[in-house]
Amino acid sequence: MIVRKRPGALGLMLAWKGSVVPHVLPHILLAGLFACAVTWIARHHYLEGIVEYTLLPFTLLGIALSILLSVRNTATYDRWWEARKQWGQMVYEVRSLARVTGIYLEAEPRRELLQCVLAHAHLLRGQLRGETVRAELPPELPATLVDEALSRRNPAEFMLQQAGRVLAREHQAGRLDSVAAATLDKHLYALSGVQAASERIAHTPLPFAYTLLAHRTAYIYCYLLPFGLVGAAGWFTPVFTAIVAYTFFGLDRLSEQLEFPFGRAANDLPLDAICRIHDISVAEALGQPAPELLQPVEFQLQ
Amino acid sequence: MIVRKRPGALGLMLAWKGSVVPHVLPHILLAGLFACAVTWIARHHYLEGIVEYTLLPFTLLGIALSILLSVRNTATYDRWWEARKQWGQMVYEVRSLARVTGIYLEAEPRRELLQCVLAHAHLLRGQLRGETVRAELPPELPATLVDEALSRRNPAEFMLQQAGRVLAREHQAGRLDSVAAATLDKHLYALSGVQAASERIAHTPLPFAYTLLAHRTAYIYCYLLPFGLVGAAGWFTPVFTAIVAYTFFGLDRLSEQLEFPFGRAANDLPLDAICRIHDISVAEALGQPAPELLQPVEFQLQ
Amino acid sequence: MIVRKRPGALGLMLAWKGSVVPHVLPHILLAGLFACAVTWIARHHYLEGIVEYTLLPFTLLGIALSILLSVRNTATYDRWWEARKQWGQMVYEVRSLARVTGIYLEAEPRRELLQCVLAHAHLLRGQLRGETVRAELPPELPATLVDEALSRRNPAEFMLQQAGRVLAREHQAGRLDSVAAATLDKHLYALSGVQAASERIAHTPLPFAYTLLAHRTAYIYCYLLPFGLVGAAGWFTPVFTAIVAYTFFGLDRLSEQLEFPFGRAANDLPLDAICRIHDISVAEALGQPAPELLQPVEFQLQ
Amino acid sequence: MIVRKRPGALGLMLAWKGSVVPHVLPHILLAGLFACAVTWIARHHYLEGIVEYTLLPFTLLGIALSILLSVRNTATYDRWWEARKQWGQMVYEVRSLARVTGIYLEAEPRRELLQCVLAHAHLLRGQLRGETVRAELPPELPATLVDEALSRRNPAEFMLQQAGRVLAREHQAGRLDSVAAATLDKHLYALSGVQAASERIAHTPLPFAYTLLAHRTAYIYCYLLPFGLVGAAGWFTPVFTAIVAYTFFGLDRLSEQLEFPFGRAANDLPLDAICRIHDISVAEALGQPAPELLQPVEFQLQ
Amino acid sequence: MIVRKRPGALGLMLAWKGSVVPHVLPHILLAGLFACAVTWIARHHYLEGIVEYTLLPFTLLGIALSILLSVRNTATYDRWWEARKQWGQMVYEVRSLARVTGIYLEAEPRRELLQCVLAHAHLLRGQLRGETVRAELPPELPATLVDEALSRRNPAEFMLQQAGRVLAREHQAGRLDSVAAATLDKHLYALSGVQAASERIAHTPLPFAYTLLAHRTAYIYCYLLPFGLVGAAGWFTPVFTAIVAYTFFGLDRLSEQLEFPFGRAANDLPLDAICRIHDISVAEALGQPAPELLQPVEFQLQ
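Residue numbers (the UniProt record's numbering), protein chains in the order written: chain A, 1 to 302; chain B, 1 to 302; chain C, 1 to 302; chain D, 1 to 302; chain E, 1 to 302.
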């Protein structure tokens, strides 16, 4: 995630990091070159009698295009924001567990439970990003438990089950009544919900037909545009084509980046920083020294 | 559901599987041919004095059309995404039951309950898809129970009732207090909600008048278009008509595909794969060997 | 609700039942005739010097019109879909009550409670539709109870209170602890929520100023249109006017139909069929023979 | 709130009550007169060489205007509908309290609690409307309690606290266990939520910058319009300007009316009628004679 | 937050405080001056043969621009409104705690708990605004506790943990059963949710690529506009350019202001006034003299 004070107007025009420009520049240039060629041909009258230049059909095509881009854009932004909400919920579930375990559990099972929950967050982050997080798991977790978790289909899920086993043990030993067990489990349930939502967003792309239709319409539009523009805009045609291509390809690429918000790209969510917040919450609850908040590096928070 | 790494620009232009093109190609060609005919007639001056060509009325028609297509598109996408969310919720309800039953139930009733829940998921999938799933039900379920379920109006619902009967038996035997029974039943309640939502989406089409109005306006639009275009676009008329038809018919068909997301079409939801996740959760909870995750075949996850 | 397999392109163009065409046809014809008159007058030069024909003002009017129609359309569709969701929730509340009463209640109070709940659904349906449903209430309900219900301001509400009285009696007799009573009442609370939401939708129209503004703008638009079109479209003017009138009056009427979704019109919700699902759930829970699902008659499910 | 059967097309064109026309008529006339003046000047060639008439810039301005009006319109409608939902929730909270108090409380504290809750609803209505409601409070409430409530910063809130005190007294006297107290308080909590949401809507206007920007753009638009129209529309300019002004000023005023939905204007919510529903629910629960439902007077329900 | 009775039409045109005009005026003037220059050059025929003036390309660019501005505007407004909802929820959580603690807790721990909760609200306000609030914390709070809180990474969070410690102490001393502790903690959980949501909104900007794309498209649009306008609008070009720039830059700036709603700018949320409401609720619950509601100063409520 890019975190920076909003730069001035000039700074905004020149900002490169986090922009979609680097990704769509080749496509913009290609469309511009194509428009140059069309203009040159049109200026030499080779298109006469074939195309009578008019922009009006493009306003019609624009209807479908604006529906496609706008629904897709809204949908991907909603995914991004829902993902952020889910990880924001994780923050207060962990904090609440830190608080509620203090009411119902004794020191040792409390520590055990909170470490499982912390490990769950780190493992989930690893699963969503396809990374190994073993080094960042709480060091007090027994290595055999970590090994067993990593041998499962879904290590994060295993850690939640493990937290449930702590509750089961305390309940069966009579140190936790049914109400308290249910109250504590409610937070594990919520964490399970965060995990399922994250997996849903990470593994369910927008309907492929949608991406195809939006992408194709945008490309057809930009490559037909010079024929409509050249009659009215002359040598401004490549400029306009490039600008229109910039906005449409830019929107297309933006939607693509927001569709899967859990990676390490510039506009993805700062899962590392959120997990650090969990580290702090758990450390302070257990009376251990708390690490620092993660800071952005070159405007980017990981 | 189509799952593939986003192909390059060229790959996106050529992708066939999951695209709506195969379904609307005949309609596009027909509209294009009609436009050819109109252009030929117009070029031979047979329309003079009858139609003075202008595109402007189409921007007016476009207002109504864009409202219709955009509301319909948003509504069907929301249905698709809500269906996915419901089945995502099922994932964490099953996992949570696996965890919470470990707190409150003994081994045997726990196994029984989890198998009922698993059977519920498979039976619901079968009901939504109109398929027989008997072979995929947990093999430990007594055949008489399965027979009884299948003889009911709603076999999936019967399995949830059966899970409730396990709780009732344990509660009446005094092995489960009221709080624990209520806590466990909360998850059955949520699964019942997933089922009702799935049935709602599967059995309630968009208001028929809506589909009709959107469909008709799109067709009228595309078949009137050549008369408006031919004056300005000449022999480009069939090309433009075909492209506009592609986007409008494409949107129409896309909405139709997303309206009922539980089938086996390319853009439908991967219910088989989700049920496999349940199989894994339950197997790992019961200490049984867990099956593999389902993999996409030719980019399609069933 | 219209339930039919999507007909082919031709079938969709000709479908009559469930369409808004029958309701707006007179208005379309009137607008078309008016446009004929304007065209005839314009062709005889009587408008010259008064109107210089241009369509451009209509794109401006179109801005306000599209906002009005689109917000109104979205709002009425949301009402329709929320109503469907509420009655879908009723389905799983009834099923859950069938299940949870099996855990906490003995046979007789269970039967009593479920029949009150069933009567609640039927009575609510009757109240929303302004119909008498006495014949369809569960036959085991004492006639005096039914009489008392029907003498109240809100018979459906009385039945829920009656269900609450069953719980109160069992609780005071010590056969139901506080947790169990609260757990059962949670479902009565949810049913009360469904009722309040249904009454809200049935008795709160969209703000009247909204309906007026949308309706008037659409009419002004369609009756001014011929003056703008006649210069460019000649004798095509009545055709275009009729088509534009079809889409705008169609959207207007569609919104009106979806605004109150509880009636018996073609696009209204199938409350009878949903109540039949409740009948089945309760019958199967009580071990009684279950009736058949209701089937659509001439594509319409009541 | 205006409640009337939808009048015919003519009735809709002529309806006055509940329409925004009376509020915006002076502004429409002013814009129309201004347009007359511009047309007269233009006809006498005084604008030549200064303005070359064109409508196209207005389609550009229209982009910003449509975003502003549409977001503002959606936002104010959502406020109106949310307010209605909150007061609809109050209906079923009161009914549920009537039911649940029957399970857990004895006759006297039950009566006391329900009267506090009823007084809460009336007092909140009074606070939102800036009216005195003392005469409509339940007559059995001790005058000293009412006096004390009215001396507080927030009398409605005091009544909920008072209801809580009834629960506290019963709980401390051992007549109400913890579960029952929590169950009953859940409804007071929900009523507290309804109150906070109502206060939020009543006291938080849309961001003022938003209102300003939308208002100003609409006015600038309507007063520049004659310059663009006069070249193409001649003496139709004032007509078109007035119609466009009607739709834009109408939307502006409509948003303003829906922004604060708790007053007594024609499109505001019928809080009196909803409070009467509470009166009925409580009276029937306590076995007292229930008043009649409030009826609309001249189509308006207060 | 600006709170004022809606001024008349003239007052709305002239209002300065809370308007975005002061912030975008330099940019509007710059765009207007640039348009003057372009017009002067065009009038002297220096552009001939290079640009053939036409506005049509701008309607195309307008598609992308309207999607960008509208999605961004909707998203930032939603953030602003969600933030208001969260702080509105805090109001009724505090009031509910005032009520529920009266049921379950004795006087001393009740006072202690409510003061922690009050301190949490003030500290959170301070953290969100980057201000010191020590002077406004409840004076009865022990100084050592406040010191400890301020030494933590997250002082507000510490205060909630402290409230949890009060519950833990009472629970372990046997003065609070499991149900009551869980009931009270539910409100701390909700406050924790308010805090996490506030932090989410305060620390997560919209995706930077979004802001960039919207900003750049708006600027490119406004600086290209004179070339398109000058052919049709002559010396009206600078006027139109300035007006279009006003609406687009205004929307851009508006979105920026709503994106982070917790500051002290004119359109930000009145956190001070909301915290004062908490002060009143807690004071009245504890029988202490309640302070006055905060009043707007020069139309602005802090």
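These are computed hints drawn from the structure, not numbers from a lab.
Some clues are possibly wrong.
Copies of the same chain are indistinguishable here, so a pair counts whether it falls within one copy or spans any two.
Restricting the straight-line Cα-Cα distance to at most 30 Å, the calculated cross-link-like pairs of lysine-lysine (BS3-like) are [claimed, not checked]:
id : residue 1 : residue 2
1  : Lys17     : Lys85
2  : Lys5      : Lys17
3  : Lys5      : Lys186
4  : Lys186    : Lys17
Hint check results:
In this assembly of identical chains, the alpha carbons of lysine 17 and lysine 85 lie at most 30 Å apart only when taken from the same copy (25 Å versus 34 Å across copies). Taking the closest pair of Cα atoms, lysine 5 and lysine 17 come within 30 Å of each other both inside a single copy (14 Å) and across two copies (24 Å). Within a single copy, lysine 5 and lysine 186 get their C-alpha atoms no closer than 39 Å, and across copies no closer than 37 Å, so neither meets the 30 Å cut-off. Taking identical chains as interchangeable, the C-alpha atoms of lysine 186 and lysine 17 are never at most 30 Å apart, the minima being 41 Å within one chain and 43 Å between chains.
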